[in-house]
Amino acid sequence: MKFVCMKCESFMEFQKVENPAEQSLGVSFACPTCGAKVAMVTNAGETAMVQALGVKIGGRDAAAAPMELIRENLKENDGVKTPVVSATTQQAMLKEEMAKMTAAGGSSAPAGSCPFSSMVAKMQGGTIPASGTATAGGVAATPASSAMEWTKEARERIERVPSFMRPMIEMGVENYARKNGITTISLEVMEE
Amino acid sequence: MAEEKTLREILKKIKFSDDAQVMKQLVDQSIQVKVRMGYIRRKIVVMSGKGGVGKSTTTANLALAFARAGHTVGVLDVDLNGPCIPKMLGVTGSFEIRQEGAIPPVGPYGIKVASMDFFLTEKNTPVRWKGAMELSPIWLGMFEMNVIREFLADILWGELDYLIADLPPGASADKPPVIAGFLPELDGAIVVSTPSEVAKTVVRKSIVYAREIGIRVIGLVENMSGAICPSCQTPVPLFTEKNEGCEDIALDLDLPLLGKIPFDSQIAQACDRGIPLPLSHPTTKLFDGMVTQIESFLEKRTVSIGIH
Ligand SMILES: Nc1ncnc2c1ncn2[C@@H]1O[C@H](COP(=O)(O)OP(=O)(O)OP(=O)(O)O)[C@@H](O)[C@H]1O
Ligand SMILES: [Mg+2]
Ligand SMILES: [Zn+2]
Ligand SMILES: [Zn+2]
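Residue numbers (numbering that gives the first Met the number 0), protein chains in the order written: chain A, 0 to 191; chain B, 0 to 307.
Do not take every clue at face value.
[Claimed, not checked] DMTMM-like cross-link-like pairs, simulated, lysine to aspartate or glutamate; straight-line CA separation at most 20 Å: (1) A:K74 <-> B:E121; (2) B:K11 <-> A:E8; (3) A:K1 <-> B:E8; (4) B:K129 <-> A:E8; (5) B:K12 <-> A:E12; (6) A:K6 <-> B:E8; (7) B:K129 <-> A:E75; (8) B:K122 <-> A:E152.
[Claimed, not checked] For each label pair, taking beta carbons as the anchor points, the in silico distance ranges come out as: (9) B:Q292 <-> A:T150: 32 to 40 Å; (10) A:E148 <-> B:A226: 19 to 27 Å; (11) A:P31 <-> B:G157: 46 to 54 Å; (12) A:N42 <-> B:E211: 47 to 55 Å; (13) B:G81 <-> A:P31: 50 to 58 Å; (14) A:G25 <-> B:G50: 39 to 47 Å; (15) B:D271 <-> A:N42: 43 to 51 Å; (16) A:E152 <-> B:D271: 44 to 52 Å; (17) A:E152 <-> B:E158: 24 to 32 Å; (18) B:L6 <-> A:E152: 34 to 42 Å; (19) B:P281 <-> A:S185: 45 to 53 Å; (20) B:R7 <-> A:T183: 25 to 33 Å.
[Unchecked claim] To give a feel for the contact side, a few chain B residues facing chain A, derived at Cβ under 10 Å: (21) E8; (22) L10; (23) F94; (24) I96; (25) V126; (26) A152; (27) E158; (28) F262; (29) L278; (30) H280; (31) F296; (32) K299.
The set of hints was computed from the structure by calculation and includes no laboratory data.
Glycine included, every Cβ here is placed at the ideal spot set by N, Cα and C.
Chain B extracted, bound-state conformation (with noise of 0.2 Å):
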């Protein structure tokens, strides 16, 4: 096109200077989310492909199962619609402002807790954005990802040991991966299940496409696995009619199963109100043995790295 032509020469005359600077602004936010990231040893994503697993549950319980065994740990609640992690780990309160960044309001065990759920004074509203972002879902989606973003950039974490991220539930099986691998230098996934067939059908398709976008998965947590029977104490199964779980998916995928949690209406109350499981009760301990599983993944694999 002659016109095209033209216009580059009349440019190399009257030199255009780019006054937006985009590319230079998008640099600055992921230089400063690198900076804040460098703070934290390991950065975990709690996911599934599915909604309503228990990923939450699972998040709040690890959290406390890593701070018992003496490290600093924080939370990242990524469910910007459905933020709960404040709720089942007792935290209230808002994020105090400061020019250097956003401190997380603390809860048990000195838990750092950061989540939409802090921005909203009608808790029982959904979270609503102005302009378009409310007409559009395209602009919506990445608008939201700049919220993450923008999370992980503000957020004063301090030092940590620990960052978990509750992811929200997908629409589809491949969201939670993509988001997950927005979370720069990520050690990895764990992944939640039940042991119906819908979810675990579901749940590795996330897990393979998390693999090829490069998330390593550590482990899957099935949870709902069976129930107690309150008269006489034997398991019953609450998906499947034999007894089988995730064995199936771990087996095929190469994946640890790290626990297998019984469906138990403590386990459901204890997030409901926001304090802990009593620290004698079964699934207390079934958390602490997740993270001793998950520690020695962790260190196996930086032992390697070293060697290369």
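Pulled out of the complex, with its shape left as it was, chain A reads as follows (with noise of 0.2 Å):
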């Protein structure tokens, strides 16, 4: 996430993390052209919501290690830190998959310069990392809203899907489909 200063036009620059109150964090950032201050507070709510889909904001730059999440977050292991692992097989196939179906667009990005990074591994009790390894997520993604046409049968299978799941299933597989010119969602186009 970012933030915009209207007058400038330009994005605004993160400037430092503080503990406002207990289970909350306060992220300030600056304009860099005219100076002026804007700080984000976030609830408790806020920040689990991002823990809990085990997504880290700021992009990942190394896989995740295996059974992160639960070692991350059970209380009894507070303190200890869950290796970083490098890319394996695996990981390398899913990333050939990965490239498949984000075809294009802004997914080389340099992760850590989202604030929310920090803010999080600050949260889970950790040091701020240099390039934004905190474990986040968010439903902050917000559903691009489509004149996508779904079949039936892909609506059903959908249907499926646990409902908080939902609206990031039906963004993945509607950004796929638009990357590769695809106007109506079948089984098919699911399938891939």
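Hey, can you piece these two chains together into the complex? The hints should help.
This is how it looks when you write it as structure tokens:
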């Protein structure tokens, strides 16, 4: 996520993270052009949401370590660090499939420019990583409104997905379709 | 709103990049689950709308029976808050975390077991998560789903003939089916009930709901189906006056009744000690019989798909 200075039409820059209260974090930004400042404050739920999805905000620079989510979030493991794992054959396979799915656009943006990463890392009691390796995630991804057609079968299939996951899956399928110039989502498109 | 429009224009100019790539990461996660599950021939869940009816007992004994029949078997203990499969199968130890995944401990007949239990050092305390998961049931639910996803994605089962998942008791009739629906390409569900009216009512709802969301129900297991009198060996009904069990739901819902397991202290003891029932025990044969039925059900299904 990013903040924009509407006046200067530029992205604001991350400044610092602090703990204004228990279970809450404040993140400050400043406009590099005019110097205007804003601060964002989160509540416990917002941070939990990000944690619960097991996504790293800021993007991943290393593959997830096996059972990382469990090990990082178990209370009794407080202070235990999950080792960072480098890419493996399997991850390479995933990447290849991913490359097909998210064919174009912004997918190789450098990690870590998003302030959320450091924020969530702090929330979890860790240190602030330089390149965004905090566990985070976001329903924050607002569903892209679309004029995409879904066939009845495809609809039925997606209805089976737990409701909280549905918007995200829909979005993924639609993005895939869009990138491949498909306008009607059928079961075949979903299989891909 | 005028401001929204302005922001859109601004963003066009300064090019917004999705650094977080939330969607990509979520897709990554689900692909990894798919890749892992690809090595597993059959995936079944053991569920019930009701708690304490013997799901875990059934899961453990079915796993043993599948393994006795010569299959490679894995058991996934989806009960994050009351994991008991390791104890029932007598499996101790923990995951061996490798770069490419987590290797599960192995129990009798080479059965591989994955359970939350292996992460807990304090065996008698409940699972507790950090942060706000402790405070909010909504986030906890979401987080738990994700933990299950992680189990599916990260465990190195290798090639398996059968993966059997033991589902947790649901607070409501619809929770177990939702969790079952979370497993990709599920082959079917085994539903456990006792002959008590209370259990049957909830279990019935659960089956109907499971079918609604597209889960195939393989059959029903009636557990604690009467007791054997220790002195005269006559069967004594436990829950109902007449000795009628789950036949009525099975009939109504057009489901095979896979077996009726009597209430038997030897079963409970075997589970508590983590030692399989002796091969000569009648209940052992009952489970072997269920395995035969489940296999033929799944085979039939494969053939009919082939014809389509
Ligand atoms: N047929 C049986 N005869 C005797 N005891 C049994 C039988 N089936 C289950 N039990 C005992 O009943 C208890 C509950 O069984 P089990 O844990 O398998 O139920 P469950 O449905 O998995 O429970 P939960 O909903 O808590 O997960 C256990 O102590 C078990 O040993
Ligand atoms: Mg159980
Ligand atoms: Zn400015
Ligand atoms: Zn008697």
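A quick look at each hint next to the structure:
At roughly 11 Å between alpha-carbon atoms, K74 (chain A) and E121 (chain B) fall within 20 Å of each other, so this suggested pair holds. Distance hint between K11 (chain B) and E8 (chain A) is fulfilled; the C-alpha atoms sit about 10 Å from each other, no more than 20 Å. For the suggested pair K1 (chain A) and E8 (chain B), the alpha carbons sit about 16 Å apart, so the restraint of at most 20 Å is met. Straight-line distance between C-alpha atoms of K129 (chain B) and E8 (chain A) comes to about 39 Å, which puts the hinted pair past the 20 Å bound.
Distance restraint check for K12 (chain B) and E12 (chain A): the Cα-Cα separation of roughly 17 Å lies within the 20 Å cut-off, and the hinted pair is therefore satisfied. Between K6 (chain A) and E8 (chain B) the alpha-carbon distance is near 13 Å, which keeps this suggested pair within the 20 Å criterion. Our distance criterion of 20 Å between C-alpha atoms is met by K129 (chain B) and E75 (chain A), whose separation comes to about 9 Å. Distance check on the hinted pair: K122 (chain B) and E152 (chain A) sit about 46 Å apart at the alpha-carbon level, beyond 20 Å; violated.
Remark: the range hint 32 to 40 Å for Q292 (chain B) to T150 (chain A) is upheld by a beta-carbon distance near 36 Å. E148 (chain A) and A226 (chain B) have their C-beta atoms about 59 Å apart, which leaves the hinted 19 to 27 Å range violated. Separation of P31 (chain A) from G157 (chain B) is about 53 Å and conforms to the stated range, judged on CB atoms against 46 to 54 Å. Separated by about 36 Å at the C-beta atoms, N42 (chain A) and E211 (chain B) break the suggested range of 47 to 55 Å.
G81 (chain B) and P31 (chain A) have their C-beta atoms about 53 Å apart, which keeps the hinted 50 to 58 Å range intact. At roughly 43 Å, the beta-carbon separation of G25 (chain A) and G50 (chain B) lies within the given 39 to 47 Å, and the hint holds. The hinted range of 43 to 51 Å is satisfied by D271 (chain B) and N42 (chain A), whose Cβ atoms lie roughly 44 Å apart. Between E152 (chain A) and D271 (chain B) the beta carbons are some 47 Å apart, a value that agrees with the proposed interval 44 to 52 Å.
For the pair E152 (chain A) and E158 (chain B), the beta carbons lie near 31 Å from each other, so the given range of 24 to 32 Å is met. Taking the beta carbon of each, L6 (chain B) and E152 (chain A) are about 38 Å apart, inside 34 to 42 Å as hinted. Between P281 (chain B) and S185 (chain A) the beta carbon distance is about 51 Å. The supplied range of 45 to 53 Å therefore holds. Judged by the Cβ atoms, the range 25 to 33 Å given for R7 (chain B) and T183 (chain A) holds: they are separated by roughly 27 Å.
Residue-level restraint check for E8 (chain B) holds (minimum Cβ-Cβ distance to chain A is 9 Å; threshold 10 Å). The interface hint given for L10 (chain B) holds, since its Cβ lies 7 Å from the closest Cβ of chain A, which is under the 10 Å cut-off. The interface hint given for F94 (chain B) holds, since its Cβ lies 6 Å from the closest Cβ of chain A, which is under the 10 Å cut-off. Given hint, I96 (chain B) at the interface with chain A, holds; its Cβ is 5 Å from that chain's nearest Cβ, closer than 10 Å.
Interface hint at V126 (chain B): satisfied, since its Cβ lies 7 Å from the closest Cβ of chain A, which is below the 10 Å cut-off. The closest approach between the C-beta of A152 (chain B) and any C-beta of chain A is roughly 8 Å, which is under the 10 Å cut-off, so the hint is satisfied. At about 15 Å, the closest approach between the beta carbon of E158 (chain B) and any beta carbon in chain A exceeds 10 Å, and the interface hint on this residue is violated. Evaluation of the F262 (chain B) hint against chain A yields a violated restraint, the C-beta minimum of about 35 Å exceeding 10 Å.
Hint status for L278 (chain B): violated, given a least beta-carbon distance of 35 Å to chain A, over 10 Å. For H280 (chain B), the interface hint is violated, since its Cβ never comes within 10 Å of a Cβ in chain A; the closest pair sits about 36 Å apart. Taking 10 Å as the C-beta cut-off, the interface hint given for F296 (chain B) is violated, the closest approach to chain A being about 21 Å. This hint is violated: K299 (chain B) has a C-beta 23 Å from the nearest C-beta of chain A, more than the 10 Å allowed.
Comparing the model with each numbered hint stated earlier shows that hints 4, 8, 10, 12, 27, 28, 29, 30, 31 and 32 do not hold.
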